[in-house]
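K.L.:
Take a look at the letters that make up each chain.
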Amino acid sequence: MTSTSWTKKYQPKHLSEIKGQELAIEELKNFIEKFKESETDKKSVILYGPPGTGKTTLAYVMANESNFEIFELNASDLRGGEKLREVLAPAIEQKSLTKKGKFLLIDEVDGISEADRGGLSELLRIIEFTSQLVIITANDIWNKKFSELRKKSEIIPLKEIDSKTIKNALIEILRKEKKFLKEDILTNITIKAKGDIRAAINDLQVASSLSDPSEIFIDERNKEIDIFNVLRIILKEKSDNSLLNLFDSVNKPMDEILLWIEENIPQDYNPEELARAYELLSKADIFRNRVYKQQYWRFLVYSNAFLSYGISSSKKSEKIGFTNYKKPTRILKMWMNNQKIEKKKSIAEKYANYVHVGKKRALKEFPMIKQFLLKSQVQKELRLTEEEINYLNNSA
Amino acid sequence: MTSEIWTEKYRPNIFSDVVGQDDIIKKAQSLTNSLNIPHLLFIGPAGTGKSTLALIIVKELFGKNWRENYLEFNASDERGINIIREKVKNFARTKSIGNVPFKIIFLDEADALTPEAQQALRRTMENYSSTCRFILSCNYSSKIIDPIQSRCAIFRFKLLEKKDAEKVIRKIEAGEKLQISNESVEMLYEGSEGDCRKIINILQSTASISPIISPELVSTVISNAKPKDILVVLDYALSGDFKNAREKLLEVMLKESISGQDVIKAIQKEIWNLPIEPELKVRLTEKTGEAEFRIVEGSDPFIQLQALIASFVLAGLGKG
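So the sequence lines, in the order shown, correspond to chains Z and C.
The first sequence begins at 6 in my numbering and counts up by one.
The second sequence begins at 117 in my numbering and counts up by one.
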């Protein structure tokens with residue numbers, strides 16, 4: 006019996022073997038073509054998608070097929086600063102002396118934590134200076150900290166792989182391994198994988214080695230609950246102690262769960278329930294803050310309890326019927342607004358310096374002064390840029 | 117070149133042009149003539165002439181070289197005392213140009229500094245006292261630590277009186293060929309709360325619509341510039357519509373870039389005018405105070421405001 010994992014053994018070596026990502030492959034090919042012909046300013050491409058959809062594989066196979074070498078870096082390398090530059094110098098500065106060109110691969114860039122801001126700016130610097138193509142993989146790139154990176158990069162999404170494709174891949178592997186599993190077990194493995202083909206192949210390998218393959222589903226209890234079910238359980242069902250562990254099995258950070266609950270309480274609750282529920286939400290937020298401020302993690306218990314059991318118990322009776330829970334939009338709106346408000350801020354700053362007041366005061370005065378900031382002589386006097394002038398004209 | 121921004125265009129350049137604040141002007145003038153001024157502390161409400169007086173002193177002292185010998189910054193805009201010290205250090209390193217043996221540093225809104233930062237500022241003032249004089253400006257003297265107050269000559273600015281405001285308004289009327297009725301003057305003064313900057317800004321905004329400044333026009337301009345939307349938020353809430361109240365709240369906060377604390381302040385003032393029972397007003401004020409406290413403590417302002425709106429919804433139903 007060999008010890009290689011099937012995921013390694015059956016990892017695609019050619020583009021034709023990568024299943025279910027035809028679109029992404031096409032986009033990546035096009036981009037590399039453009040890059041080679043210098044038809045694009047972008048020097049980096051981000052492949053993003055859920056785990057096990059083939060991001061890293063795609064990078065390696067693509068390199069192989071287009072006769073490039075991969076030079077892989079991980080998040081901790083990026084923290085190295087000086088040392089990193091030494092390692093990279095030959096790779097980024099000139100096309101390599103050997104015949105093969107290089108791709109720089111930064112795998113799982115979301116691994117760079119908030120604290121490693123330095124790592125992220127190091128990455129941006131690398132992209133700026135290198136003459137090689139940089140391939141970046143990530144599960145989620147919509148975090149604000151990646152905004153600069155997104156601007157500089159081509160972005161290619163990889164979809165979850167559909168269950169039919171996964172199942173066919175599993176059957177193919179079983180055939181090559183000369184093993185047999187019952188149809189319903191294959192189906193269950195596929196469903197459990199939720200588009201993650203790596204997880205499916207791992208499960209397949211384990212299941213086929215068990216005398217009773219169905220044992221593999223025993224840990225199904227720990228399966229994650231999606232956020233919609235969490236909302237349903239909290240906002241509709243009777244409160245019980247299992248609520249206290251509810252968030253353990255949600256695949257979302259607490260901050261995000263809080264936003265989902267915040268958004269959707271009024272969908273199910275009447276005014277009295279609402280008042281109580283928001284009071285508890287606000288308490289949950291306070292304790293969450295105390296965790297950060299005092300670095301005392303016990304406070305999380307209270308935050309979680311108010312958020313789950315507390316808000317659940319705020320209702321007088323169970324709720325029935327289906328509710329179409331909404332995605333929280335407030336953070337996005339705030340972000341978009343900040344982009345917009347940048348101009349206002351820069352205008353206010355110029356005005357503030359010019360008339361000897363503070364920037365904050367100038368922002369406060371803005372609605373009053375806007376009227377005459379529209380005059381072109383005033384705009385010239387303050388040396389407003391074209392964008393700033395556009396902002397004023399559009400908001401008039 | 118004269119400015120097209122009237123607060124600049126009509127800013128007095130010499131002592132005799134300043135309207136009101138007679139005692140202060142006399143004192144400042146004689147200090148300036150002696151070519152030996154101590155550190156100064158200007159105390160008074162916004163728009164009463166603190167920055168203007170600082171600029172006049174500097175222009176009188178240095179003539180056309182004033183820009184080289186003058187550094188101005190605003191404490192509430194700077195990111196900490198260290199940055200201020202750095203700027204002062206760079207500026208104070210070179211000697212003044214001309215026959216005045218010192219340069220002038222004007223620090224606006226000095227009361228925005230924490231007491232610790234003010235201690236550091238005091239040391240900086242001492243270190244560079246041979247080459248620099250400081251003019252500090254603030255709204256409230258109680259927020260300036262005693263050691264600084266004792267090192268400065270103190271000038272207290274008063275709110276503009278109506279007769280002085282009228283002088284300013286009439287001067288601009290003549291300069292810009294406007295027509296301003298007495299009633300409009302009254303309204304400009306009331307709307308400005310004695311703040312001369314505000315008077316001139318309102319006037320310029322109004323004049324950009326029409327050179328005939330009618331009281332109606334003034335009142336429209338003033339009320340347009342005031343965010344009234346908080347009332348709409350409360351109206352929705354009291355009528356039981358939480359979702360719309362919340363949406364409007366977010367919109368107001370984003371569009372006008374009002375902070376959570378400013379919203380709370382507006383709500384707190386508005387409670388007393390709401391059509392609800394006196395007892396309920398007090399209870400809502402309690403809730404508002406608690407929400408403000410939590411925001412100050414660092415909680416997410418929008419979450420706290422939602423909780424507050426939810427209690428207004430309840431109050432609208434006569435409960436709570």
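In short, the hints are calculated from the structure, not lab data.
Ideal Cβ positions, reconstructed from N, Cα and C, are used throughout, including at glycine.
Incorrect hints may have been included.
To be verified - Computed cross-link-like contacts, DSSO-like style, restricted to lysine-lysine with a CA-CA straight-line distance of at most 30 angstroms:
#1 C/Lys-287 - Z/Lys-375
#2 Z/Lys-345 - C/Lys-175
#3 C/Lys-180 - Z/Lys-288
#4 C/Lys-211 - Z/Lys-369
#5 C/Lys-359 - Z/Lys-364
#6 Z/Lys-149 - Z/Lys-331
#7 Z/Lys-13 - Z/Lys-184
#8 Z/Lys-385 - C/Lys-364
#9 C/Lys-203 - Z/Lys-199
#10 Z/Lys-149 - Z/Lys-183
#11 Z/Lys-348 - C/Lys-274
#12 Z/Lys-39 - Z/Lys-18
#13 Z/Lys-364 - C/Lys-364
#14 Z/Lys-338 - C/Lys-293
#15 C/Lys-385 - Z/Lys-375
#16 C/Lys-203 - C/Lys-278
#17 C/Lys-287 - C/Lys-259
#18 Z/Lys-288 - C/Lys-175
#19 C/Lys-397 - Z/Lys-364
#20 C/Lys-205 - Z/Lys-345
Unchecked claim - Over the 12 angstroms line for every Cβ pair with chain C, so calculated as not near, a few chain Z residues:
#21 Pro-17
#22 Pro-55
#23 Lys-169
#24 Phe-233
#25 Arg-293
#26 Lys-298
#27 Lys-345
#28 Ala-357
#29 Lys-380
K.L.:
Z/Lys-348 and C/Lys-274 were given as a pair; does the straight-line alpha-carbon distance stay at or below 30 angstroms?
P.N.:
Not satisfied, since the Cα-Cα distance of roughly 35 angstroms exceeds 30 angstroms.
K.L.:
If you draw a straight line from the CA of C/Lys-397 to the CA of Z/Lys-364, is it 30 angstroms or shorter?
P.N.:
violated, 36 angstroms
K.L.:
For the pair supplied as a hint, Z/Lys-385 and C/Lys-364, confirm whether the alpha-carbon distance does not exceed 30 angstroms.
P.N.:
violated, 36 angstroms
K.L.:
Keeping to a limit of 30 angstroms between CA atoms, is the pair of Z/Lys-338 and C/Lys-293 held or broken?
P.N.:
violated, 45 angstroms
K.L.:
Given the hinted pair C/Lys-385 and Z/Lys-375, is their alpha-carbon gap at most 30 angstroms?
P.N.:
holds, 26 angstroms
K.L.:
Taking C-beta pairs only, is Z/Pro-55 more than 12 angstroms away from all of chain C?
P.N.:
holds, 29 angstroms
K.L.:
Report holds if the minimum CB distance from Z/Arg-293 to chain C is greater than 12 angstroms, and violated otherwise.
P.N.:
Incorrect as stated: the minimum Cβ-Cβ distance to chain C is 9 angstroms, not above 12 angstroms.
K.L.:
Is the hinted pair Z/Lys-149 and Z/Lys-331 satisfied, with a Cα-Cα distance of at most 30 angstroms?
P.N.:
Since the Cα atoms of Z/Lys-149 and Z/Lys-331 sit roughly 21 angstroms apart, the hinted pair holds (cutoff 30 angstroms).
K.L.:
Decide, holds or violated, for the assertion that all CB atoms of chain C are farther than 12 angstroms from the CB of Z/Lys-298.
P.N.:
The claim is violated: Z/Lys-298 sits with its nearest Cβ about 7 angstroms from chain C, within 12 angstroms.
K.L.:
CA of Z/Lys-288 to CA of C/Lys-175, is that 30 angstroms or under?
P.N.:
violated, 56 angstroms
K.L.:
Against the 30 angstroms threshold, does the CA-CA distance of Z/Lys-345 and C/Lys-175 hold or violate the hint?
P.N.:
Measuring from Cα to Cα gives roughly 39 angstroms; hence the hint is violated.
K.L.:
Please settle this one: Z/Pro-17 was flagged as non-interface, so is its CB more than 12 angstroms from every CB on chain C?
P.N.:
About 46 angstroms separates Z/Pro-17 from the closest Cβ of chain C, which puts it past 12 angstroms; holds.
In this structure, the earlier hints numbered 2, 3, 4, 5, 8, 9, 10, 11, 14, 16, 17, 18, 19, 20, 25, 26, 27, 28 and 29 are contradicted, and the remaining ones agree with it.
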